[in-house]
Amino acid sequence: MALPTFGRRLGGAALLAAFVLFITLPFVMVLLEAFGSEWFGMRLLPKVWTLKWFGWAAATVDIGQVLINTAVIAVLATIVSLLLAIPTAWAIARYRLPLASLLMGAILFPRMIPEITFALGVARLSYDLGLSNTYVGIALAHVILAAPFAVLVLTSTFEGMDDRLLEAGTVLGCNTAQLFRRVILPLALPGIVAAALFSFLSSYNDFVLTLMVYGPDTVTLPVQTYLSIGNGYLSVAGAISVILLVPSFLFLLLLMRMVKPENLLGGLKGA
Amino acid sequence: MAWTTWRSSAAMNGSAGPGAAVADTLHPASARLTAATSRRVAAAGLVLPLLVFLAAAFYLPLGYTLIQSVTSAQGDAFTLAQYTTFLASRQGQGVLALTLFLSFAATLVSLLLSLPLALALRRGFAGKGIVQFLMMVPITIPSLVGALGLLILYDRTGWLNYLLVRTLHVVSQPVPIDYTIPGIVLFYVWMFFPYGGLVIMSGLGALDPALEEAGRVLGASPWRTFRLVVLPLLKPSLWAGSVMVFLQCFGAFSVPLIAGGNYQPLAVKIYTVATVFLDWHQASAMAVIMGLIQVALVVLYRRLDRQPGRRTA
Amino acid sequence: MTAPWLEVRGVSKSWGRLAALSEVNLAVEQGMFVSLLGPSGCGKTTLLRLITGHLSPDSGRILVDGNDITRVPTHRRNMGMVFQSFALFPHLTVADNIAFPLAVRGLPEAQLRAQVAEALAMVHLEPYRDAYPRQLSGGQQQRVGLTRAIVYRPTILLLDEPLSNLDAGLREEMRMEISQVTRRLGITAIYVTHDQREALALSDAIAVMNHGRIVQFGSPEGIYRRPANEFVARFVGYANALPVDIAAGIATVAGVGVIAADALRDLSGPATLFLHAGDVRLDADAAPGPNQVPCRVVDLAFMGDHVEYVVEHASGLRLKAHAPIDDAPHARGSTVLATLPADKLVPVARQAPAAIG
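Chains as they are written, first to last, in our numbering: chain Z, 2 to 272; chain V, 170 to 482; chain H, 5 to 361.
Just so you know, not all the hints are guaranteed correct.
Each pair of labels, with its calculated beta carbon distance range [claimed, not checked]:
hint, chain 1, residue 1, chain 2, residue 2, range
1, V, F302, H, Q115, 49 to 59 Å
2, Z, R10, V, T326, 31 to 41 Å
3, Z, E168, H, R300, 39 to 49 Å
4, Z, P47, V, P391, 47 to 57 Å
5, H, A135, Z, V172, 11 to 21 Å
6, H, A335, Z, V172, 32 to 42 Å
7, H, S63, Z, P47, 53 to 63 Å
8, Z, A15, H, G241, 33 to 43 Å
9, Z, R258, H, R300, 56 to 66 Å
10, V, R396, Z, E39, 52 to 62 Å
Calculated from the structure, these hints are not laboratory results. Computed from a predicted model, the values in this text were never measured in an experiment. Beta carbons: idealized from backbone N, C-alpha and C, even for Gly.
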């Protein structure tokens, strides 16, 4: 042994602490910025603790409306994504489709290239169709990214469904509709919920696409954060960020329960 | 795979087997064929809505961008001027060089961070769960928020400089990090290293521990076992992880938008050209170039992520 | 008696509150082939890995040729190991795999090449020298594994269930090869298995393990014929266990009758009589005599080289018996007389369950 065990332990603990700080401190900063006032110069902590930035956010940028916008768009995007993804994933999982891998590639392609690449075209299309600055327009833009990921999750769910349970259902007398309602849906529910969560989060956090198609009536939380930073109102931006973070952290906690970290790579791209 | 059961029932309807003669009288050949094909048609029908949507909402805009990139504001039907302007100009090459440099640098640092991290996680230690949780954080939060926090933390008046100047007294003046190249690289690393880390962890997890035991018993010290057995087998994951990080860095938008200062890597440049200079044709050309590079990287990643030495037990 | 070559003294190992090994002692002479036999979780693999150094004992010592190697790291113990999963390096060719331990020891190139060639020739695997492990069958891979483990002439060879991943037909071949190789090289071998037939066939001595302890150590014949307790008896394959009460050299089987045997002379109290299925004789018509139990045939099965009968006494006691396939079969439901030969009975005093081993 080169190093005595105690030295190793200490070194290990120091590295662990450094890593924890490395990851978490930026969030601490956001919290301090959002809940603190008079934090200038080289100070560790703000002079005053306050909730006024949230009030400012409400007053100056109508954060309540922004929140509503974001939520409504996310819900719309989730619903549309699921409606499109469920039949698609079912077909891919249960049937031998021609050119299956090409099909999957075509569906996943939007997640592979940088958003800015197609955001230009989407912005133009949106404008031409009169969908700019509308809930529907932005939600549909979000679906471009959310639906493919939902397909990924749901394909895996449907593939994992035991055929024999379906066979048992039909033998026991279910017609197609009953089979769907009583057997398939309950079995697939966890997967559907996961797909819904991913879609919701994907829309909620989306920035680049939204930036290209938003308007004064459809400002979302990420966009507002950007605008506030751009205008120099870091504290307000901080407050908005805190609101933005809540679903992400909830989602992360849920995720840690459900999935092993190494299996997550398929299609995870931040805003 | 699930489809085999359904497929075999389709085959039951369609192919000639021992029961074919009987089947023939019950279902004449033409009807059997229709049964099989109608199943196929139904399947195709299920996929159609999404495909139509993507065709309209994604591929159409892509096509549009492509067309825009080869037409010009002046009304040319086909021109590559936008491409040449970008690729040949000092400015354009500068942007590419910047983007590539930032991506390479951040990828390298990420690798140096991820590999020991993955190895330590594998060995297991107190606090392993925390580390695994924290590794997921940068990729699940909106990157804007992360960028904001990083900006504040590494500001001239931020905590790091406080530590360096006031607590440790290693420098007399605050070290500029925000809006500098090293700063942007640092931010990229914070944002994107988990992409590589997860790939490497997955690769390590798939490594049969008996191989390392074998190396030790055969006489190789822990370091030599690592060098001669683990590392060679891990190489595909290391490459794949690096490409994954590089991919993210190359396409980064929100981070450099907020924290790039005067530096504008490719994604930001495209945005600026489109919305500030309102030259959508030029922006489109740049977007196409960027897209092509990214696709090439994705293909590379797919190729690399294949690794021998997977667990048997 | 020569000093033991490999000695394990008072070794214990726990994982939290789970004691994997408790105060285990083992002494193996040079050139001996010893099997560690037991069910999953008995600690045999843990003991093996303590010997290799992959694990460190919580207490106790491990000695080789009188030297305490407890603190010596694995890569300096100079032992050989054959793995259940073969553990061949997938990124190296067969030749490079075999050369690995020699290269790590800094052997000069020419000598290395010669030794590898010689090793390949010995196991008739020269055509595969440049192949990769994934191109070989399971049996071939394990032979490479064995070759790699002995090419540097270690004095101790450890084998961790090396036959488990092989097809039944190959197992026999590989078993013989292991036996020949270890005998020829005079290597001291420690063999971990849960299969008692392997252990019985290969070993000079068997250590039967259960719950982290060695419950019996002896020659294969000794273990087979004179199991020390119920656990060993059942593990080694005694199909019949009769609960009896022994008094004055006579065992009473409740509701059945009386059994006399020399072996019972010095015992008294509750016990179990073990008897191999192959030792029970069945006769269709015979007058009942000593050590005989009238039974009804409940089931019979053709096992290829013998017929296995399950017969039942009126009291509910069931016995298994093997009969040669050429004998006239006894039909289901027919009455037979089961003879329990006195000299084949193995008595084991019945202890409270927790105290076994």
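Structure versus earlier hints, numbers of those that do not hold, lowest first: 5 and 8
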